[in-house]
Every structure is written in structure tokens, then in C-alpha cells.
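Each chain, written out:
2 protein chains.
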Amino acid sequence: GISVHTRTAAESIDQKGKVVRAIHRETGEIRDFSYDQLVLATGARPILPDIDGLSLSGVHTLGSIEEALGIRKEIDIGRRKVVIVGGGLIGMEVAESLTERGADVTVVEVKSHILPQLLDREMAHLVEKHLAQNKVTVRTSTTVLALSGDEEGRVAAVKTSRGDIPAELVLLAVGVRPNVTLARDAGLATGPLGGILVDETLRTSDPDIFAGGDCVENRHMVTGAPIFAPMGSTANKHGRVIGDNLTGGSTRYPGVLGTVILKIFDFHVGATGLNEQAARAAGIDPVTAVTPGPDRAHYYPGAKTLFLKGVVDRDSGRWIGVQAAGPGEAAKRLDMAALAIAHGIPLEGIALADTCYAPPYANALDNLVHLATTLENKMKGLSDAYTPQEVKEKIDREEEFVMIDVRTPPEYRESRIDDPRNRLIPLGKLREQMATLPKNSEIVTYCKTSLRGYEALRTLRGAGFRNVRFMDG
Amino acid sequence: GISVHTRTAAESIDQKGKVVRAIHRETGEIRDFSYDQLVLATGARPILPDIDGLSLSGVHTLGSIEEALGIRKEIDIGRRKVVIVGGGLIGMEVAESLTERGADVTVVEVKSHILPQLLDREMAHLVEKHLAQNKVTVRTSTTVLALSGDEEGRVAAVKTSRGDIPAELVLLAVGVRPNVTLARDAGLATGPLGGILVDETLRTSDPDIFAGGDCVENRHMVTGAPIFAPMGSTANKHGRVIGDNLTGGSTRYPGVLGTVILKIFDFHVGATGLNEQAARAAGIDPVTAVTPGPDRAHYYPGAKTLFLKGVVDRDSGRWIGVQAAGPGEAAKRLDMAALAIAHGIPLEGIALADTCYAPPYANALDNLVHLATTLENKMKGLSDAYTPQEVKEKIDREEEFVMIDVRTPPEYRESRIDDPRNRLIPLGKLREQMATLPKNSEIVTYCKTSLRGYEALRTLRGAGFRNVRFMDG
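Residue numbers (our numbering), protein chains in the order written: chain A, 1 to 473; chain B, 1 to 473.
Note that these hints are calculated values from the structure, not bench results. Check before you lean on any hint, since a few could be wrong.
[To be verified] Computed cross-link-like contacts, DSS-like style, restricted to lysine-lysine with a CA-CA straight-line distance of at most 25 Å: (1) B/Lys304 - B/Lys392; (2) A/Lys263 - B/Lys448; (3) B/Lys304 - A/Lys304; (4) B/Lys135 - B/Lys263; (5) A/Lys304 - B/Lys263.
[Claimed, not checked] Covered stretches of chain B (chain A as the covering partner; in silico rule of three or more C-beta atoms under 8 Å from a C-beta of chain A): (6) 7 to 13; (7) 73 to 81; (8) 125 to 132; (9) 174 to 182; (10) 240 to 252; (11) 423 to 433.
Note that beta-carbon positions come from the ideal geometry of N, C-alpha and C, so glycine has one too.
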């Protein structure tokens, strides 16, 4: 059977004696619980930023239902000027719900774009635009320095690196931290991110003690590195693995991809795996593509746009991440991507997958199928465009190719790529000088905006040059 | 470049000379087109049932936009009594759209339930109920014998094996057949299902002739058998494979799962892979589970029920099919299932997948995750219930176990399982006779409705018997 002891706080673990000592919160009674196997599910709590003014009235974290009810009450009695510190997942969800309750919300984010762990900059910008349309003010690249109050001890303003923001209510949403006091005091190992260290069976450094949920560190399935990913869905799955292993099973938890989805007004926003920035930080050379498109047949009533961004490891050809944003359906594409990444389904496996098709649900080629196809083309070099970054890398690798600057001589004089591969042939002169170009080398054309570069590519291809690209952007 | 010749019908293919002879539909001009490689995309056309009355006015197939416009016109001038012959995908889609246009629709299906290729009976029954709620009459197990008309040659009734159905408009939706005349006349091989035979590169029996879309047979990814699955999404993917292979690539089309989705009023209905019936027909011993559940957090506004049915191959443990029906979101679950089936992702890979979680999109355990978990439990024998079929198989395998009929002696006398394993111990006598039961053999309890059987299981487990199941249903 199951006995539940409420208002009873575990104080310490005696690993040798296999006893948990607990104290009753009201009576103060101390009680020892002996165990054969023990499970720690101590969760996480909101991080408090290291600034002055946290104890002012009107400053809240987002860790409990009591706090949520308190915040709602303050809004309802007219405290409408709300500043949310932190533009992550929780900050965004709260920004939406308080705006819909009538609040005037400003989100302050220290990084250069919102949802920085989730999205690359260009995807985040789509979301920032949507927030602005819904009257949420977003201040990025802005550090909160302190909270200041009035004479009555109520918060009045948020002092930031970019000036003061008036505030009647301040919500701290800068993340959560695992609760590991009990585990650490018992001498259980914790990881580099501060969570309890567990193996794939979710055993801690003491094999008779399991831990799961927000108090542990997970393993990232792409990088293999530790990741702190406190999600209810992950905690649920931990529960199943622990339950199975407690009763003699040998289930292994495969790790996480950091999959997240959230609704922000009419946008569905999410990601799974690594974004481009995180891929580069992990030493991966990414190939990326962004594919906007309708989320169902474009002629079907209610079709909405979804932006997908895919990230592939250039060396292995493996999917490593997908991001989604827009009013179009996103969860389906992210969940398919999560399976593709976790199970090493190649791009072609998605590009040719037998997915659901009917006008109310998808195009004949689903958005993720289209993304896979686009990434495959890029991987096969079938795309006509190089990014400036790619051209730079070709130069760095000392590849042999010819660059043709098709701008005008005055533009060329003003600024140019100083490299022996580089030649100036203004677009108007391309036909007459074409004979001087090597037929067997790769040619990369470029201009200022890429328009003339693309025209030069078409001209050269029309004249029989096969290995021509243009530099994009 | 691409030249398009409209109103030009290909008449014959000269494979040796590599020439297609075509005729202009208006001028009658004959023209030969020579080719290096040729692609056939001749599509499919509606099957006409072999019955009298097809030429009556008011009888339509569903093969062209002209026909669709004609049908709409007839509805709009007041011909509201519509009989749709065929309860498959197209029949259902048309039933919905004509009902919404004001028609009074009856669907006649020869099989015992609608969507017979897609759904097992219990799943189809959910859809039939929903059709009835939307005033569509469904007549299953009903064979259309003939169409009868009035003096003016207009259709007036559909004669069936179960009586006449008055009709002002009859739509024939009994399926489509590949157009293979051109291919067959040229001597290209066709398959057992009547489609053009192609290999994985989508080459026909002549390696310089490709074929794709509704005119070819596909390979089913689970059974490896030929399948005729005319879907726009498949045709699109064929196009990509052929395009790549025409230009020197070597892309292989992996085959199909028969994935289908359709909207029927407020229901989302679909399937991928094999249903239970198809699995048995293919000689597979299936383990199945049906899991109804809300499509997002049950407390989130707009949460709707989705029924999922999963089919697993008992021997290999592999997913082989998933069906979905209900007002809840279905496409996401089917697409994930399609990937799991195609790429051999084990049940555990879905049960522990890092899928999207937020209340507007899913439960902490997504519906498909829940289905995978349930199937895993069944595969591991962790489910408390045996189906009658499973008990029969245990007897057939001559397994050693004890069956306890916990009904009353009168019920026992009326009908019983005649098998030496079987014992009558009425529920009320179970405690006193318990000592006579073997502690080490498996015990299966049963009654009439499974209620007393389950109570007996609880009683025995409470008394320390560990290996007890009950027979369900």
C-alpha cells in the first residue's frame, strides 16, 4: 500500500542505516522512515536574481499557486503596470496571461533576444514582433540592476542598464534551480549544473536511491552533455522509469532534447534539439534552413503560416535541431522532429515519410517534409546560394575557386574582398569577359544585395558554366 | 527548358525507338516526341461498379472538377436526396461536404463497417455514431444491386440487398483504379493490384521509363507486399525521387504505410500501418490497445477526446499500426506513429520520447506516449487482463494454469468452459477454498461480465497469490 505523510519535511538521509528522518511541520514531531529503496523528487525552486529590492511588496516569483493567486489579486485591484524580469519560457507564458487579464506588461531580457535558450535570433524576432502587436513591450540586451520602492515599501520601478521602468508589480522569471539540499547533505553526487547526478536508470551515486524530475540533471541526446531541463513531461517519464527499476526492471531513460512548446497569443513557438547558436557553441558545423509555409493546404480555410528552422550537422548529416514559430500548427512538426533527432532518422527519411495528408491538416508535402527536403538540397550542394559565412570558410580552407564581384568599379573601390581569388567584372561586362573565366573551377558571384550576383549566375549558367553559385545576403 | 503540350494525349510508346506518339485532341494532329528518359504519371480513374443504371441522369463519379461542379449545381437546384455508394475515404469526405451544403445523405457500404481499409470495427463504430449525430444515414453490410430511374431517365432509387433507397442523386465512390493502358500497351510490367510495377528507384520494367503517382503500385513498409495507395502526398514524393534519379541521383522510395487522415464533421479520423484485421490477414499475431484521452491537458479550454488504437507485432515487438478517431487532434499522433513504424522506433522509444508538452498542446504524457506505455505493459504482461482470445490461445498452447469460474453454480450449469484447467469456485466461497489453490501456478479468474473476475483477482492478490489475471470482456 501507499502511505502519504503531508506537512512532513524530510530533513536528512542516513544512507548506511537506510533511514529518512523527517519532521512534521506543525507538531514538530520527528519521525524516522526506514527504506529499502528511496526516491528523491525534491523539484526545483525559482532563482532569485542578486539585486536589491527583492523584499519590496509587489515583487513575486512564480513558484506556487498561492503566489499566482496573489498576483492575480493585485492585477484585479488595479495594479496594471507589470514588469517581468526574464524573457524565457515562463516569462512569456505569464506575459500572455497577464496581458489578457488587462495588465500593461514589459518584459526585460538580458540577452539580445527573447527565448534565448530556445530560439535563434531570426526566429525570436518573429515572436518579438508578435508580442509588440499584442502590446507587450520587450526590452532585450537590458540588465536589471535593482528594484526601487516608494515610502510604503511597495515596488515602484525597475532600474535597468537602459534606464528605469515604472512598475506596480514585478515578476521574477529568471529560471529555476534544482532543490538538492537533502541530496547534497546526504553526500549524493551533484552535477556541473547543480542537479542531482543520476545514471540512465535514474539511480544516484547511491544505487538504492533514485532521483527524478526537476531536481536532477539530464543528458542531452545530441551533445551527450548534461542539461537541466525541468519539464513536467520529463518528470512523468522519469516516474515511469524509476517505478519500473524499483520493481526489478531495467529501463533506461534515453535523455532529453530540451523540447519545449509554448503558446504566445496567436503564436505557437517551440524547439527541439540544438538551435544554430547552441550547435556552434557545441563545436558543431551547422547547415541551416528556414522554411515559411502554410500549415495546411493554402486554399483551406484557416490556413496559417508556420516558420520552421532546421539545423543539421554538416559532418554527420544528422538532424540536430528544429525551431518553430508562427500562427500555424507547430506541435506536430516539433514532435516529428524530436523523433527524427532522437532516433537518427535521416533527412531523407523525413523527406519521403508517409505522413498524413488532407487539406485540413497539411500540404501534400508537410512543413517538416519540406524543411527536410530543403536541408537535403543544401547538404547535397543543390542550393544555389552560399552564405557569406560559407564563403569565408571556403577561403579559410584555402579552396580553389573564383570569386566575381559584379558590382561597379566605384563600389569596388569603396570596399572589396581582398583575396587573390577575387576579380571585378561588372555585370554589364560579364558577357564580353566570360571567355577569360575557367570552365572547370567553381565560380561564386556576388554584389551588394545579391540581386546582381544572382543575375550573373544565371548569365554564366546560360553560357554553359555549370559550377556557379552566388553569395546570398 | 520545359515545353507543355496541352490537349495532347499520349497514344503509344515505342520503347526501342524511344518515341512517344501523341495525338492532339482537337486538331487530330499526330506528333512524335523522342526521349532519352520517360516519366509516366497517368494517374487513376474512378471504378464503376458492375450494376445497371449507371447511365441514368443524376449518377456521378468523383473524378474531375467538372463533375464536382455538376454535383454542386444539382444540390443547389434542390436535389437533396443523395446516396453515396461506398463508405471509404472519398465517400466520407463527400458525405460531409454535401451534408453541410444541405443534402440529406445516405452512405451505403458493402462491408460491415465504414472505412474498412482504414479502421477496425470498434474504431469505425465511433465514426458511424458521429455521422448519425450529423444526420448522415449509414447502411453497412449492404450491397448495391442496381440503380433504377424514372420515365425521364433520372435516377430515382438505389436497389440494395436490404431494400430500396430513394435517391435524387447517386455518387459512386467505390475507389479508383490505376490508368495503365499506355504502359500495358507498351509492354511494361504491371503488378498484382493492376498498377504499373516499379522498383525502389521508381523505374518500370524498362529502366529508361519511370512511373509515379496514382498509376503505380507501392510497397507496404510493414508487410513488404504491394499496396495501391493513391495519395497526393505520395505522388509528390514520387516526383522528387524520380526527378533526382532522372538527373543522375540514386534516391530510393522507401514505400508507404497507407497513412490516411480525413475530417468528418468534428471528427479527425485516420490510420497508419496495419489495423488489427489487416495484421491478422497478413499472418501477424497482434497485441492491441485502445486508449481514449483528452488531446491536451484535460483542464485546458477546448480539450477534446481522441481515441487511439495501437497494433504491435507480438513476436517482434514492433509497432505495426495506429488508428485515430475523435474530436481531438489526431494528425500529430498519426505522423509520429508513421515515423515510429517506418523507422522501427521501439515502443519504449515513444513511451520515453521528449515530445512537446504544454497544456494547450498535450498532456504531460502525450496520447501516443500513453498508447505506447499501455502497449508496453501489455507486451510485458503487466496488464491484469487477458482477452478471451488470449485465454483460448493459452489453452491451445497447452499452457499449465488454473482457471477459476467465480460465477454461481446455476450459471455454471448453463454454460461453462470444458477444460481440465477449469474449476468452479463461486466468488462467495473463494476465501474458504483458497487453500486448495496452487501458489505457484498462474491463476486466471473469470465470470460473465469480468466484474466478479476482477474482484476475485483482488481477493487472491490480497492473500498473497502473485500470479493472477482475470479474463476481460
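Right, here's what the structure says about each hint:
1. Between B/Lys304 and B/Lys392 the CA atoms are separated by roughly 37 Å; this puts the pair beyond 25 Å, and the hint is violated.
2. The hinted pair formed by A/Lys263 and B/Lys448 fails the criterion: a straight-line CA distance of about 49 Å is larger than 25 Å.
3. For a cut-off of 25 Å, the pair hint linking B/Lys304 to A/Lys304 stands: about 21 Å separates their Cα positions.
4. Restraint check for B/Lys135 and B/Lys263: the C-alpha separation of about 16 Å stays at or below 25 Å, so the hint holds.
5. Between A/Lys304 and B/Lys263 the alpha-carbon distance is near 18 Å, which keeps this suggested pair within the 25 Å criterion.
6. Only residues whose beta carbon comes within less than 8 Å of a beta carbon in chain A count, and the segment 7 to 13 of chain B has 0; fewer than three means the coverage is violated.
7. As drawn, the segment 73 to 81 of chain B meets chain A at 0 residues by the rule of a beta-carbon pair under 8 Å; below three, the given contact is violated.
8. Under the rule that three or more residues need a Cβ within less than 8 Å of chain A, the assignment of the segment 125 to 132 of chain B is violated, with 0 such residues.
9. Only residues whose C-beta sits within less than 8 Å of a C-beta in chain A count toward coverage, and the segment 174 to 182 of chain B has 0 of them, not enough to reach three; the restraint is violated.
10. Under a criterion of three residues with beta carbons nearer than 8 Å to beta carbons of chain A, the stated coverage of the segment 240 to 252 of chain B is upheld, 3 such residues being counted.
11. A stretch counts as covered by a chain when three or more of its residues have a beta carbon under 8 Å from one of that chain; for the segment 423 to 433 of chain B and chain A the count is 0, and the coverage is violated.
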